[in-house]
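Participant: Protein chains in written order, with my numbering: chain R, 1 to 110; chain G, 1 to 400.
Please note that the accuracy of each hint is not assured.
To be verified - Per the computed footprint, the stretches of chain G lying under chain R, defined by three or more beta-carbons under 8 angstroms from a beta-carbon of chain R, are:
id: 1; segment: 124-134
id: 2; segment: 140-147
id: 3; segment: 266-275
id: 4; segment: 312-326
id: 5; segment: 347-359
Said to hold, decoys possible - Cβ-to-Cβ under 7 angstroms is the rule here; a few derived chain G residues that face chain R:
id: 6; residue: I47
id: 7; residue: G189
id: 8; residue: G192
id: 9; residue: E193
Keep in mind the hints are simulated off the structure, nothing from the lab.
Backbone N, C-alpha and C fix where the C-beta goes; we use that ideal spot for every residue, glycine too.
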Amino acid sequence: MDDSGSRRITRHPILGELPAADSVTFTFDGRSVLARADDTIASALLAHGIRRFRSMPETGAPRGYFCGAGRCMDCAVTVDGLLNVAACTTPVRAGMVVKTQHGLGTWGPS
Amino acid sequence: MTRNTDVLVIGAGPAGVGAALAAAGEGTRVIIVDENVAVGGHLRWSIATQRGTIGDLTDARGTAIAAWAVERLRHSDVEIELGAAAWGLFDDRVVGVTSRERSFQIRAGSVIVAAGATDAAIPFPGWDLPGVLTSGALLRLMHLHRVLPGRRFVVVGADPCGDEAVEALELAGADVVTRWRTCHDIIAGGDGEVVWLDVPGARHDTDCIVIAASRIPDPELILQMGGAAVYSAIDDCFVPVRSETLETSISGVYAAGDCAGVLGAAEAFAEGRVAGLAASNGAGLERALGELAELRASPPPHEARRPTLPAPRDSTLVCRCERIAAAEIRQSIADGAATIDDVKRRTRSGMGVCQGIYCLAAVSMLLQRERGLAPEVVSPMKVRPPARTVPLAALAGTGE
Numbered sequence: 001m002d003d004s005g006s007r008r009i010t011r012h013p014i015l016g017e018l019p020a021a022d023s024v025t026f027t028f029d030g031r032s033v034l035a036r037a038d039d040t041i042a043s044a045l046l047a048h049g050i051r052r053f054r055s056m057p058e059t060g061a062p063r064g065y066f067c068g069a070g071r072c073m074d075c076a077v078t079v080d081g082l083l084n085v086a087a088c089t090t091p092v093r094a095g096m097v098v099k100t101q102h103g104l105g106t107w108g109p110s
Numbered sequence: 001m002t003r004n005t006d007v008l009v010i011g012a013g014p015a016g017v018g019a020a021l022a023a024a025g026e027g028t029r030v031i032i033v034d035e036n037v038a039v040g041g042h043l044r045w046s047i048a049t050q051r052g053t054i055g056d057l058t059d060a061r062g063t064a065i066a067a068w069a070v071e072r073l074r075h076s077d078v079e080i081e082l083g084a085a086a087w088g089l090f091d092d093r094v095v096g097v098t099s100r101e102r103s104f105q106i107r108a109g110s111v112i113v114a115a116g117a118t119d120a121a122i123p124f125p126g127w128d129l130p131g132v133l134t135s136g137a138l139l140r141l142m143h144l145h146r147v148l149p150g151r152r153f154v155v156v157g158a159d160p161c162g163d164e165a166v167e168a169l170e171l172a173g174a175d176v177v178t179r180w181r182t183c184h185d186i187i188a189g190g191d192g193e194v195v196w197l198d199v200p201g202a203r204h205d206t207d208c209i210v211i212a213a214s215r216i217p218d219p220e221l222i223l224q225m226g227g228a229a230v231y232s233a234i235d236d237c238f239v240p241v242r243s244e245t246l247e248t249s250i251s252g253v254y255a256a257g258d259c260a261g262v263l264g265a266a267e268a269f270a271e272g273r274v275a276g277l278a279a280s281n282g283a284g285l286e287r288a289l290g291e292l293a294e295l296r297a298s299p300p301p302h303e304a305r306r307p308t309l310p311a312p313r314d315s316t317l318v319c320r321c322e323r324i325a326a327a328e329i330r331q332s333i334a335d336g337a338a339t340i341d342d343v344k345r346r347t348r349s350g351m352g353v354c355q356g357i358y359c360l361a362a363v364s365m366l367l368q369r370e371r372g373l374a375p376e377v378v379s380p381m382k383v384r385p386p387a388r389t390v391p392l393a394a395l396a397g398t399g400e
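Can you build the whole structure from these sequences, using the hints too?
Facilitator: Now the structure itself:
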């Protein structure tokens, strides 16, 4: 079992065996997440079955991974204090502090 | 900071690659920009066979063509800027590009817009729940990152891309609960994430719903500059008017590939070649036009037609970004809104961060239905730069 997430496709009839990759650790809402160096924030979270990335303004309704192309911003998270970061197109980096973005978010140091 | 070049290609999918290689082959200075981290466009995450010939490859998988494109570009003189999003097209063919929190301009003798298409969306109750995603989003996740976003999958919608999604899921060993070929009368539900999907007569236990809608051409940069556009029935949207050599009504600006009408990869590549040769006065233009004409005459890989959008229930969310339900849009039309811009001004639909990609097709459909309008007369939203988000600090030139 690949510990960079239980949802990994470790072997694939066309793509082959999942190649080895360096590990990267970051936090999501304070919880440590082990990722592959070639992950985006979204792919790393989804690999661990984490599917809610933000909550909408006014309604608080959760959103997650929808378009995968950095256009819909349902996957917007707060990264190292920066708001409105598209998780689906942002590569992971060691030590990133990622948080669920609640509504419009709050500026300021994480 | 402004860079100068002869030909700027926006987008490095099959059309953009075809254009860049063709122009560079004439000794022209070429810059190609793409917002993704690698070239190949949507072919990077497609393991399906792409019918036809691209370069040395015939009937090859998307992933193989993308790899070929990487190699060919690397051995050419094309300057490649990745992670670089073209956000504005201005007079004198100056293009604003944002990359890594900076913004810069490129001034080009010719611009070839090869920005591709976006996944269409089909609103239904519960489609905003985490666990609902587009087929393109699914393929990216599975094939670029080797992740399955759920355990029990349902694919909804009539488009053939749904068949590609089902095949991809089955190859990956995923459990496909059902393939439901319409989005009429379906309801998704769950507590904060998808748990079930109701179709007439059954409730399916599912945690991941893949929307198989066709792709919509994205000619935004052309429309920004006021380029002439015309309704395309086969794409059910407006696409740029182009000359035989794929030049738009904006002098020196071409449109190639999916952004002017969804095509198979081989035809997109052939369009790119025509535009690239036209932009660089290449001697092979006549032959490239002939090759394109042959491809256009042969039957398309599949019926590239947008399925009819179901009329959403009043309570169904249409604008995901601003959380606007169909009832509000219907009310604005009843109150007098007669154009997409009218609806947008009254309801905020289309003002959100996605700038209408995922809602305005439904808004257009509602305008057509409620006002008895033909699709050709429902003009697209007036678009203004930026086509992508740009940090203010980058525009001010004070970004780090």
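Participant: Hint by hint, note whether the structure agrees.
Facilitator: Hints, verified against the model:
1. 124-134: Our answer is that it holds, as 7 residues pass the Cβ test (under 8 angstroms) against chain R, meeting three.
2. 140-147: It holds, with 8 qualifying residues against the three required.
3. 266-275: violated (count 0)
4. 312-326: Since three or more residues must qualify, the claim that chain R covers the segment 312-326 of chain G holds, with 3 doing so at under 8 angstroms.
5. 347-359: holds (count 4)
6. I47: Because about 5 angstroms separates I47 of chain G from the closest Cβ in chain R, which is inside the 7 angstroms limit, the hint holds.
7. G189: This hint is violated: G189 of chain G lies away from chain R, its Cβ roughly 13 angstroms from the closest one there, beyond 7 angstroms.
8. G192: holds, 5 angstroms
9. E193: holds, 6 angstroms
Checked against the numbered hints listed earlier, the structure breaks hints 3, 7; every other hint is satisfied.
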